[in-house]
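J.: Each chain is listed here by its residues.
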Amino acid sequence: MKSNPSSNGGVVIENLSLSFGDTEVLKGVSLEIAEGEFFAFLGPSGSGKSTLLRAIAGFGPAPRGRILIQGRDVANQPPWKRDVGMVFQSYALWPHMTVRRNVAFGLEERKVPKKEIRRRVDAALDMVGLLSLAGRRPSQLSGGQQQRIALARTIIVEPKVLLLDEPLSNLDANLRIQMRREIRELQQELKLTTIFVTHDQEEANTTSDRMAVLDDGVIQQVGKPMELYDSPSNLFVARFLGTANVVQGSVEKRNGGKSFRTASGTDIPVPSSSTEAGHLLFRPQNVSILPADARPHSADILLPGRVRHKEFLGSIIRYGVDARGDLVLVDDPHRTTSRVFDVGEDVLLAMEQEQIKLLNR
Amino acid sequence: MRRAVQSFQRGPAAIGLLIALFLGVFLVVPVGKVILVAFQDPNTGAATLINFLDFFRNSLFRESFVNSFYVSAMSVLVASAISIPLAYFTTRFNFGGAVLIQTLGVIPLIMPPFVGAVAMQLLFGDNGSVNLLLDEYLGFTIPFMSGLNGVILVESIHYFPFILINLSAALNNIDRSMEESAQNLGASGVRLFRRIVFPLAMPGFVAGAALVFIKVFDDLGTPLLLNVNNMLAPQAYLRISSIGISDPMGYVISVILVAFSLLSLWVSLLALKGKDYSTLQKGGGGLMRRDLRTWEKAGCYVVVIAILLLVLSPHIGLLLLSFGTVWSFAVLPDAFTLEHYYTVFESASQYITNTLLYAGLAALMDVILATAIAYVVWRTKLAGRKWLDYGATGALAVPGVVLGIGYLRTFHDLQVPFAEQSLASWWVIIVIAMTIRRLPYALRACVAAIQQIDVMLEEAAENLGATKGRTVYRIVVPLMIGGILAGFVTSFATASVELSATIMLVARESDAPLAYGIYEFMQSAAGRGPGAALGVVAVIFVGLGTYISHRIIEGGKRKRESTSIVAQEATI
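Here the protein sequences come in this chain order: A and B.
Each residue of the first sequence is one higher than the last, beginning at 1 in the numbering used here.
Each residue of the second sequence is one higher than the last, beginning at 1 in the numbering used here.
Hints listed in this document are in silico derivations from the structure and should not be mistaken for laboratory results.
Mixed in with the good hints, there may be bad ones.
As a list, the in silico DSS-like pairs of lysine-lysine whose alpha-carbon atoms are at most 30 Å apart [as the list claims (entries may be wrong)]:
#, chain 1, residue 1, chain 2, residue 2
1, A, K81, B, K273
2, B, K381, A, K27
3, A, K160, B, K381
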């Protein structure tokens with residue numbers, strides 16, 4: 001973790017472990033989130049990302065380790081004393097209260113004077129654009145409206161941290177894109193430290209400043225979305241963030257330089273600074289597919305192959321090419337004039353050396 | 001860390017302990033005492049089986065044991081004979097009488113069996129309306145009500161809905177695809193029924209039958225009112241009330257009653273356990289139904305209406321009795337009058353006010369206890385919390401007679417301060433008995449209510465600064481209110497006609513509730529009219545209660561459905 005955020009005002013998690021019975025769900029998680037940062041927890045279901053978020057809010061079994069919010073250890077605090085605002089996956093709006101009562105709840109519990117509650121509720125509802133629905137019941141609202149009310153109910157208490165637990169998963173595709181923009185804009189406006197849990201890498205990429213990829217209760221990598229995509233530290237991160245071609249083999253010395261010899265015997269030249277690695281990785285869009293008789297000038301790596309299958313995905317055509325026993329996926333941008341290769345056709349794959357990553361695990 | 005977590009649980013822990021204490025003092029200790037005394041030598045107090053030997057050496061007790069068993073088994077049989085055709089009609093045919101049948105399922109339950117027993121004697125007894133007519137026109141009579149037959153008839157008419165409801169639910173839960181795939185693989189007709197439908201419906205039937213068996217086995221009021229004393233529950237009552245609380249026989253019978261209750265509950269649990277045969281899939285609904293031909297429909301209606309008349313007969317008889325002047329050796333009463341109602345409201349109104357007070361208090365305590373237990377069990381991690389649920393539900397296996405005997409024995413020597421009497425004869429003990437007896441039902445209603453609340457709704461409140469206590473007050477209880485109300489009304493209605501424990505605990509006439517009043521009146525021929533009038537009042541109490549709780553539950557359902565429809569429309 002080489003990040004150096006000014007974390008005194010944000011969230012610091014130190015060596016946090018947590019078990020459900022005998023199952024260890026979080027295994028020594030450490031993390032620093034800067035004040036005002038929009039941070040995403042990304043991982044598959046069962047990775048522990050929601051458990052980590054809930055532990056920050058004070059829900060679930062008691063963890064071991066420390067959780068510092070604005071420098072104060074809250075790990076021993078009950079949820080109602082932590083002052084973190086959480087928006088639940090299914091919004092958790094109280095069906096027996098009107099929208100106004102829902103939003104007012106946190107201020108009422110804080111014994112804020114009635115007049116001020118009224119003013120602040122109006123302001124919060126106005127901010128999410130739903131002041132006109134104040135008298136309605138949650139059940140009379142659409143999914144997107146419920147989402148906004150849940151957000152208003154949480155930010156009205158001005159929490160130190162905003163926690164969002166897969167807040168977009170119950171919305172349809174178009175609304176999801178709109179809401180993630182709104183959430184991001186709101187966060188920027190309020191400069192609120194925000195943690196966002198999602199299993200959708202697109203959501204994490206588009207909203208967050210930085211993110212942590214979790215798997216099996218362990219943080220795999222932390223960084224800016226693009227850094228993680230381009231320089232994954234392990235195979236899990238590489239595969240979780242988009243499609244990747246992974247070839248097994250080993251780095252060997254050859255003719256003064258170095259090359260990666262694949263399990264099927266192909267040699268791929270790699271930079272001479274390369275150290276020992278068991279896997280070679282590259283993204284499908286970084287490979288060019290050319291006719292078998294093409295003679296490209298700029299490519300460092302050329303691999304002959306034969307098209308095994310192809311899928312038309314709209315903006316791209318994804319080819320599966322058998323390159324001397326290794327199946328390589330190639331994404332070729334689709335234009336109306338571009339050449340389309342047929343299954344069974346011999347082709348040449350071309351790639352530049354800097355697109356290649358070597359990984360140990 | 002651990003200490004901090006426990007500190008949030010201190011409140012629930014204190015409440016849990018209080019409830020455990022209450023259940024311990026008023027359920028576990030009395031029942032334990034009864035069992036202990038049954039195994040003690042009455043003179044020396046040493047552990048012994050001599051009481052059980054004495055029990056089986058006595059021919060009257062042996063006869064009572066056999067009779068109780070026989071009556072319960074026969075009642076299950078007769079109740080099945082009533083229920084099976086009804087369940088079959090509604091689930092297999094497109095039969096317009098389905099509403100009639102559903103009504104049939106509720107009507108008997110709104111009247112405790114002992115209330116209608118005397119009226120049944122006047123309709124079906126040796127000199128009752130039906131036999132008088134039979135004798136006059138056909139020249140023979142049928143001994144519907146003589147001896148044990150009377151108990152069997154009254155009990156099966158009253159308790160058949162338990163089988164009907166469970167069996168219908170089981171049949172309705174069988175998905176059409178089960179039947180269709182069997183047909184697709186070549187099964188049809190009787191083989192299809194025997195190999196697919198019957199096994200899938202069996203658990204529901206067994207569960208209902210076990211309930212009927214135990215209800216009949218434990219019932220005290222019906223045999224007493226029909227003057228059938230050679231059964232177990234009446235024997236227990238008579239031994240204790242005539243010989244005294246030191247006679248061991250009442251305790252031996254109590255142990256036998258409890259053992260059979262537990263056995264039946266176990267059988268019914270076993271029948272349902274691991275056999276959640278709810279095969280229903282989305283969109284599908286029950287077995288294939290077919291339309292009936294005209295003559296088939298007529299046949300169905302004849303059967304249903306005949307059963308409806310039979311089921312309604314206690315109500316009809318009770319109504320006639322309450323308005324009739326003299327009704328003896330006649331098809332109908334000689335003349336009609338409102339006199340009995342005047343008598344009841346003038347001289348016996350204390351029964352009604354007592355009932356309102358007792359049942360009201362008992363229902364209130366039930367819902368408070370049930371809400372607290374439901375919360376402790378489902379929302380905290382307290383060690384041993386499940387035992388509160390088991391303990392409260394365990395009251396199901398304790399017949400009223402046994403609880404009554406246990407209270408008499410345990411609290412007889414306990415003086416209530418300021419009241420200057422023993423706790424066993426104080427009116428409050430009746431309220432406590434009602435509370436314990438009805439707690440399992442209130443608890444199920446409250447547990448169902450709390451299970452429907454998404455835990456996130458509570459977490460959201462805590463997240464916004466509400467403590468556990470504030471969350472219960474502002475979120476949990478308001479969201480449970482439908483279930484709590486339904487539990488209150490059900491507890492109130494059934495407590496208001498509770499007889500078997502009350503009859504043992506009523507120390508003086510002025511403390512007696514409705515059910516006891518009916519029993520007292522019905523003892524003498526002259527008291528039957530006012531007794532029936534009081535019975536009608538009881539039926540109105542229970543009927544109204546049942547209707548209200550049904551409306552609350554249905555209202556809740558409708559609200560949920562309509563909101564989800566609104567939400568769906570809104571998202572589209």
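J.: Each hint should be assessed against the structure and marked as holding or not.
T.: Verification of the supplied hints:
no.: 1; hint: K81/A to K273/B; result: 43 Å, violated
no.: 2; hint: K381/B to K27/A; result: 23 Å, holds
no.: 3; hint: K160/A to K381/B; result: 29 Å, holds
When held up to the earlier numbered hints, the structure conflicts with hint 1 and nothing else.
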